[in-house]
Amino acid sequence: MINQALINPRSIVVVGGSNHVHKPGGRTVRNLLDGKYKGELYVVNAKEAEVQGLKSYHNVRDIPETELAIISIPSKSCPETIEVLAREKNVKAFIVVSAGFGEETKEGGVLEEQILATVNETGASLIGPNCIGVMNMHYHGVFTQPVPEFHAGGVDFISSSGGTALFIIESALTKGLRFSSIWTVGNSKQIGVEDVIEYMDRHFDPETDSRVKMIYVESIKDPDKLLYHASSLIRKGCRIAAIKAGSTESGKRAASSHTGAIASSDSAVEALFRKAGIVRCFSREELTTVACIFTLKEVKGKNCAIVTHAGGPAVMLADALSKGQVNVPNLEGPVADELKTKLYPGSAVGNPIDIIGTGTPEHLATAIDYCERRFDEVDLMMVIFGSPGLVKLYDTYEVLHKKMEECKKPIFPILPSIVTAGPEVKSFIKKGHVNFSDEVTLGAALSRVLNTPKPASTDIQLYGVDVPEIRRMIDNLPGDGYLAPDDVRKLLQIARIPLVKEITSTDKEELVAFANSVKYPVVAKVVGPVHKSDIGGVALNIRSEEHLVFEYERMMKLPDVTAVMVQPMLKGQELFIGAKYEDRFGHVLLCGLGGIFVEVLKDVSYGLAPLSYDETFSMIHSLRGYPIIKGTRGQKGVDEQEYADIIVRLSTLLRFAAEIKEMDINPLVATDRGLFAVDARIRIEK
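For my numbering, count along the sequence shown from 1 and bump the result up by 354.
Honestly, the hints are just simulated from the structure, not real lab data. In this text, a Cβ means the ideal position worked out from N, Cα and C, and glycines have one as well. You can trust all of the hints, since none of them are fake.
Mimicking DSSO-like on lysine-lysine, the simulated pairs with C-alpha atoms at most 30 Å apart in a straight line are:
1. Lys1015 <-> Lys579
2. Lys654 <-> Lys529
3. Lys855 <-> Lys873
4. Lys763 <-> Lys529
5. Lys780 <-> Lys763
6. Lys763 <-> Lys694
7. Lys579 <-> Lys590
Restraint-style ranges between C-beta atoms, simulated for each label pair:
8. Lys654 <-> Asp691: 26 to 32 Å
9. Ser887 <-> Ser573: 34 to 40 Å
10. Val438 <-> Glu1039: 47 to 53 Å
11. Pro715 <-> Leu387: 41 to 47 Å
12. Arg556 <-> Lys990: 48 to 54 Å
13. His505 <-> Glu1039: 48 to 54 Å
Kindly produce the complete structure, drawing on both the sequences and the hints.
The following block contains the structure:
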């Protein structure tokens, strides 16, 4: 539970504070003093009479009542100390920076439990243990450096790891990113990343609170809480970027399906972030770059103009943007010709707009004005301007400063000369701007931002799926394992998934009669083995009764085969849908093209059940193979609406059937007559 004593305490005691500023307790006191903490500050140190100019109490029982305690003493002494502070000194918030708890030993875990019991019984907040602390505009309760300046319009940053948080702060400061608050939660015994996000959501004030959040999380303990409150904050106008580190394939076993081979707990994280509208990042630089993007005017289109005085970086930036599906449109026609007359000879205006190395601040202003007012196809601008070390750039950066203030279209400053033009860049940043020193990192980060969907709708719809019938069937299934083909078909029919006609039998005459009725060519598959192809259990393009009989007799001799299935052979684009149940997250759905796209390239998109249509279309459109679905080079595309219908209904089925742990529909064939599930497997654990 987060309270005001943790956020804005009127009094703080540092237990273990000292005169040694290279030790955690001493540095914590120093940071509080340097940060001009305005409340009452106490120090407890059994050996010192005075600590950094403050009276030192020898025992926690001697201090006045206090709101917040920062604990920096050996772990074995923490439970008793916290007991006294909570019950006798009315301390309502604790930051335990000490290590040596559950992260190290079982004995340390016992100490942690004792601390948790005390703070819960007394209604107190607990950050840590094993963290670097908390800092905000009211106090700097950390034992580390650097301590950034804090501003109401800065970024809220929540981190599982204290050490990683410091490196992320360093990365942010070089870009000019400001902070509103920094939380490191360490072992998260009471308060974790999800709890901080919940508090920020429940107490969000649009007039005063930061609208940008950065998250570094190592373990998502409560996915539902993170999903609900992160998406709620985003709907309120906030923007969130996050790194999820330490993603492992929990519970991995020998994969028995394409879904099992591809999906992992990291897939669940990907799906959760997509559903919430969180921009997922994979490095410190990417995280802080995305956060810097969030501080600028919102980008409302995907057409970018690049204004530069150096061709190479502009080309690299254009490549990075294009890879991320951000357009760099060609600028041509009378307006472009007019702009060219206002620049030095040799300048280019086709996009990138290259004002060449001798271009003046006035030329930069002119190019920006044309992008802002004359080129209607431009939605945003990126300005690359450095120095060869021969000129000062104060005038140029002053022009850029004014244009960023005036223009309605967002402008991204790329000022790479942080050494040769260091003072000028620092002056620019001090005016409240950020700087992207690397154009390719910016291009990739902006692509992530623009390709992250909005938070999914929370409306619950069944889309015609008969949920009671699904539950009746699941409850009546006999046991665990892969379902029989007939049971698979029944479940998919209840979910209104279109199925190819088929028959499963051990009777040769019955199979031949079916093949004659649906017309050749047909497909024959063994029933029993999970991996049919591996044992030669699939025969395609069977065009005669004699061929079918031959394949039937061959297949029935294969090991573990119990029957043979026959289907008409459909022609069309093969698609793939899969699902896997992940503990705490629920079902992760995968979609993509079938065949080599899923088997080798693993070109799939992830979503968390249940899925809305907006989510589903976003998944489909994010596939690298989407141009094939859309239709390319004269080939007819796939019916996207029907594909989305099937994915949405399947996600509804899964929402009410947690017993389904793994599912494949592969292939789902898109024909001229519609989409049909040709082969499907479902594994349950009841």
